[in-house]
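2 protein chains.
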Amino acid sequence: MPDIYTHDIRGCYADTVGEGGVSPESMETVFEAASGPWTLMRGALAEDDFPPLTLTNQSDDLAEISDVAARLAESCDVVAIIGVGGSSLGAEALTALATQPSVDLRFLDNPDPETLARFKASVDLARTGAVVVSKSGGTAETLIMAMTIVPALAAARPAESMADYVIAMAEPGDNPVRRLATHWNIPVLDHDPEIGGRYSVFSAVGLLPAALAGLDIEAVRAGAADAIDLNTRSEDGRDAPAVQGAAVSIELLRTRGARITVLMPYADAMWPLARWHRQLWAESLGKNGRGTTLIDALGAVDQHSQLQLYLDGPDDKMFTIITQHLGGRGDRVSPELAALAGADYLAGHTTGDLLGAEQEATIDSLLEHNRPVRRMGVSRVDEAALGALMAHFMLETVMAAFMLGVDAFDQPAVEDGKRLARQRLLTGQTGPKS
Amino acid sequence: MPDIYTHDIRGCYADTVGEGGVSPESMETVFEAASGPWTLMRGALAEDDFPPLTLTNQSDDLAEISDVAARLAESCDVVAIIGVGGSSLGAEALTALATQPSVDLRFLDNPDPETLARFKASVDLARTGAVVVSKSGGTAETLIMAMTIVPALAAARPAESMADYVIAMAEPGDNPVRRLATHWNIPVLDHDPEIGGRYSVFSAVGLLPAALAGLDIEAVRAGAADAIDLNTRSEDGRDAPAVQGAAVSIELLRTRGARITVLMPYADAMWPLARWHRQLWAESLGKNGRGTTLIDALGAVDQHSQLQLYLDGPDDKMFTIITQHLGGRGDRVSPELAALAGADYLAGHTTGDLLGAEQEATIDSLLEHNRPVRRMGVSRVDEAALGALMAHFMLETVMAAFMLGVDAFDQPAVEDGKRLARQRLLTGQTGPKS
Numbered sequence: 004m005p006d007i008y009t010h011d012i013r014g015c016y017a018d019t020v021g022e023g024g025v026s027p028e029s030m031e032t033v034f035e036a037a038s039g040p041w042t043l044m045r046g047a048l049a050e051d052d053f054p055p056l057t058l059t060n061q062s063d064d065l066a067e068i069s070d071v072a073a074r075l076a077e078s079c080d081v082v083a084i085i086g087v088g089g090s091s092l093g094a095e096a097l098t099a100l101a102t103q104p105s106v107d108l109r110f111l112d113n114p115d116p117e118t119l120a121r122f123k124a125s126v127d128l129a130r131t132g133a134v135v136v137s138k139s140g141g142t143a144e145t146l147i148m149a150m151t152i153v154p155a156l157a158a159a160r161p162a163e164s165m166a167d168y169v170i171a172m173a174e175p176g177d178n179p180v181r182r183l184a185t186h187w188n189i190p191v192l193d194h195d196p197e198i199g200g201r202y203s204v205f206s207a208v209g210l211l212p213a214a215l216a217g218l219d220i221e222a223v224r225a226g227a228a229d230a231i232d233l234n235t236r237s238e239d240g241r242d243a244p245a246v247q248g249a250a251v252s253i254e255l256l257r258t259r260g261a262r263i264t265v266l267m268p269y270a271d272a273m274w275p276l277a278r279w280h281r282q283l284w285a286e287s288l289g290k291n292g293r294g295t296t297l298i299d300a301l302g303a304v305d306q307h308s309q310l311q312l313y314l315d316g317p318d319d320k321m322f323t324i325i326t327q328h329l330g331g332r333g334d335r336v337s338p339e340l341a342a343l344a345g346a347d348y349l350a351g352h353t354t355g356d357l358l359g360a361e362q363e364a365t366i367d368s369l370l371e372h373n374r375p376v377r378r379m380g381v382s383r384v385d386e387a388a389l390g391a392l393m394a395h396f397m398l399e400t401v402m403a404a405f406m407l408g409v410d411a412f413d414q415p416a417v418e419d420g421k422r423l424a425r426q427r428l429l430t431g432q433t434g435p436k437s
Numbered sequence: 004m005p006d007i008y009t010h011d012i013r014g015c016y017a018d019t020v021g022e023g024g025v026s027p028e029s030m031e032t033v034f035e036a037a038s039g040p041w042t043l044m045r046g047a048l049a050e051d052d053f054p055p056l057t058l059t060n061q062s063d064d065l066a067e068i069s070d071v072a073a074r075l076a077e078s079c080d081v082v083a084i085i086g087v088g089g090s091s092l093g094a095e096a097l098t099a100l101a102t103q104p105s106v107d108l109r110f111l112d113n114p115d116p117e118t119l120a121r122f123k124a125s126v127d128l129a130r131t132g133a134v135v136v137s138k139s140g141g142t143a144e145t146l147i148m149a150m151t152i153v154p155a156l157a158a159a160r161p162a163e164s165m166a167d168y169v170i171a172m173a174e175p176g177d178n179p180v181r182r183l184a185t186h187w188n189i190p191v192l193d194h195d196p197e198i199g200g201r202y203s204v205f206s207a208v209g210l211l212p213a214a215l216a217g218l219d220i221e222a223v224r225a226g227a228a229d230a231i232d233l234n235t236r237s238e239d240g241r242d243a244p245a246v247q248g249a250a251v252s253i254e255l256l257r258t259r260g261a262r263i264t265v266l267m268p269y270a271d272a273m274w275p276l277a278r279w280h281r282q283l284w285a286e287s288l289g290k291n292g293r294g295t296t297l298i299d300a301l302g303a304v305d306q307h308s309q310l311q312l313y314l315d316g317p318d319d320k321m322f323t324i325i326t327q328h329l330g331g332r333g334d335r336v337s338p339e340l341a342a343l344a345g346a347d348y349l350a351g352h353t354t355g356d357l358l359g360a361e362q363e364a365t366i367d368s369l370l371e372h373n374r375p376v377r378r379m380g381v382s383r384v385d386e387a388a389l390g391a392l393m394a395h396f397m398l399e400t401v402m403a404a405f406m407l408g409v410d411a412f413d414q415p416a417v418e419d420g421k422r423l424a425r426q427r428l429l430t431g432q433t434g435p436k437s
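Residue numbers (our numbering), protein chains in the order written: chain A, 4 to 437; chain B, 4 to 437.
Keep in mind that a hint or two might mislead.
[Stated by the list, open to error] Derived coverage of chain B by chain A (criterion: at least 3 residues anywhere in the stretch with Cβ under 8 Å from a Cβ of chain A; other residues may be distant):
#, stretch
1, 157-170
2, 329-338
3, 360-368
[Said to hold, decoys possible] To list a few chain A residues with every Cβ distance to chain B over 12 Å, as calculated:
#, residue
4, 5
5, 6
6, 50
7, 63
8, 69
9, 196
10, 225
11, 258
12, 271
13, 347
14, 349
15, 363
[Said to hold, decoys possible] Residues of chain A placed beyond 12 Å of chain B at every Cβ, according to the derived structure:
#, residue
16, 52
17, 179
18, 229
19, 232
20, 339
No lab work stands behind these hints, which were simulated from the structure alone. Note that the Cβ used here is the ideal one computed from N, Cα and C, for glycine as well.
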């Protein structure tokens, strides 16, 4: 069996990319420093002691998640997923795969009055449900959306029990979401207190929306488990893709100031994955002046938007291109039509052939311009592939945090803004200071 | 009358932001260097000699655009806008405003076989039309999508003239899109050869989709014209927002290495605007190793994803927050429910109150962390506001190019990748090199 995903950092070494690259000697130093932390991580994974990924060995909770989804789907044509950041980005990434969703999922992650009004105007409230997700149970945006939307749903279904169409997720204990749930008499799924929002995609936070979207949630976890196996095969980390990825990011930052890391999949369905990883990377590493800034890009679209900058702008980036097998897929261009248009190079080719050629051409161009490139690949974009890539990125992020000497699991700076917003609401100061 | 938008760079000066800021003395040097280029730009605008913005003084073509839109809407429930980069991002930014679109617009900007299959499966082909947009007439992605989708539409409407539901835009002369149009006997609107794709939003490229979305296209141009007036009032540029914006970007790059510029609106409907500007900024400035990298962010969502990095990560960014008047807008939280949840700070407040408090709190937090902030504001997010901001960003980008000494209107590096992709298709090499 081929590996669940491929990972190739040769395009980050000077012998491939030229002056843009790292040297085997300096990478060796990074690998040596990483071997201790990797031994810890590997041990934790072996002992099921790293909650975000330990989940991927479980299956006893999947039946409950599927049951909840089936119950919601019975009484709803539309389900609003009310949550923000880690409570929505993972679910958005997974549900991008949906082709035959059981219900129409709408992610409400911003208390934008215009969006919320459009949402309410576009659905039949009597056939709409909600999943309210907040780890702490106290996220202001989630609370205000829940407190304005859920009552509107209830008003449209006076005869039904709210438990049939609204469900919440929050950690145990006393918190605002739990209090609302008690008041509304709706069920609450436990959000594991030991799993931070941005690491929660393999729990019900990611999998309940995935099940509502008609996806194979067992395959998501199985793909993640395969990726963990692939990584933990390596005892010292040198052959673990996640360690390699973290090492090359940190080394390119140290030696060449690659402060920006561009994540560019070549599949529309992987763009939300890139935005999920953007949060994971930013909140886990961006502290004490450290970290790098991850940018989500999308091939082939951003060839016509960002590639000029990537090739010929400041040399401050590394690139991760996520490829898939595309040759032969999609509709084929009639040779007569291509000839008539004067576009013979497209004659007889499919849309997948073109996109496939472009993902390779972009990698070639970047290397020719001495821009370091890591290549990741999946054979097809499905539940297992997304699960695998997400597990990879979690491991890589935690390893990068070790290397940078920061705590991968906190986000101390944002508490500030939350305090300031509350203060402004309490004092009625919702406009700019004079 | 208040200005069509507000612009405030005080948060970039050391007396407001502390050690993060620029000094009046160094800014003076930049303004002096900019006054020559600004005089040229101002002169060109006065003489209607800057095609992308000269358009905003015209109205004689608007009737044709509206007529074309009305004709398409008559025979279509869905219209695919087939184009990539400058041929789609501006239209996507404008149509984000649509609440009552005449037709369901779908932007096909990526030859992803999965997306195209989903598109075809989700529409009634016999009630679907297409707008094919490529300035050069030879964009590979646009051509392959047009050559695979338009024949499928035609097959579903054997009795109708293709001119009723398909239209193209390309520059005059002999090119693949024009040849296809001749073959299909469909009309072609001229893409002005003097207007690059990323500067084309005020032409039919942006306005035909906007008209299809039921928007007031005259107001888009009027808003842009207001922004031009606001800027050109300033003779030496010191009081022109676009010159101030360019100057502060360049100065923060020079003195403090602010290589990243974050554009963060607080309205879902302005997120596509940020992605439009991301292309404009990247392709116009990212050359000869120069330029800065623009990141699109969205408030309040990215407070829960990126703010940790912005506040406490590397100090290599400047921030532009686009605010709107939000107080009192949206649904109001019942005080009883808020009290019961233990979220008294939300009692009696609307979703707009919260989002309004958050945009201010984010600005305050950034300043407290010595991160330079520019504030832009509109009273509401409508056609005039988007037109104004787009005109502003075009002027600012061109002025920044002057200051950096690069050509704002070319994109030489991307031609490389196009060549490599064609080569791979012609030689059948659609996979990685061994």
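These are the hints, each one checked on the structure:
Chain A is given as covering the stretch 157-170 of chain B, and this is violated because 0 residues of the stretch bring a CB closer than 8 Å to a CB of that chain, at least three being needed. Interface restraint, the stretch 329-338 of chain B with chain A: holds (8 residues with C-beta to C-beta distance below 8 Å; minimum three). For the stretch 360-368 of chain B, the proposed coverage by chain A is satisfied: 8 residues have a C-beta within less than 8 Å of a C-beta in that chain, meeting the threshold of three. In this structure residue 5 of chain A is separated from chain B by more than 12 Å, as the shortest Cβ-Cβ distance comes to about 14 Å.
Its beta-carbon lying about 15 Å from the closest one in chain B, residue 6 of chain A satisfies the requirement of being farther than 12 Å from that chain. Interface exclusion of residue 50 of chain A from chain B stands, the closest Cβ pair being 30 Å apart, more than 12 Å. Remark: the non-interface label on residue 63 of chain A is consistent with the geometry, its nearest Cβ contact in chain B lying 30 Å away (cut-off 12 Å). The non-interface label for residue 69 of chain A is consistent with chain B: the shortest C-beta to C-beta separation is roughly 24 Å, beyond 12 Å.
With 12 Å as the threshold on Cβ separation, the claim that residue 196 of chain A sits away from chain B holds: the shortest Cβ distance comes to roughly 18 Å. Non-interface call for residue 225 of chain A relative to chain B: holds, since the shortest CB-CB distance, roughly 21 Å, exceeds 12 Å. At roughly 16 Å, the least C-beta separation between residue 258 of chain A and chain B is larger than 12 Å, which holds for a residue marked as non-interface. For residue 271 of chain A, the condition that its CB be more than 12 Å from all CB atoms of chain B is violated, with the nearest at approximately 5 Å.
Residue-level check failed: residue 347 of chain A sits 8 Å from the nearest beta carbon of chain B, not beyond 12 Å. Not every beta carbon of chain B lies more than 12 Å from that of residue 349 of chain A, the smallest distance being close to 6 Å; the non-interface claim is violated. The Cβ of residue 363 of chain A sits about 6 Å from the closest Cβ of chain B, inside the 12 Å cut-off, so the non-interface label is violated. Every beta carbon of chain B lies more than 12 Å from that of residue 52 of chain A, the smallest distance being close to 26 Å; the non-interface claim holds.
Residue placement check: residue 179 of chain A does not keep its beta carbon more than 12 Å from all beta carbons of chain B (closest about 4 Å). Listed as a non-interface residue, residue 229 of chain A keeps its Cβ farther than 12 Å from every Cβ of chain B; the least gap is roughly 22 Å. Consistency note on residue 232 of chain A: stated as away from chain B, and its beta-carbon is indeed over 12 Å from all of that chain's, at 24 Å minimum. Consistency note on residue 339 of chain A: stated as away from chain B, yet its beta-carbon is not over 12 Å from all of that chain's, at 10 Å minimum.
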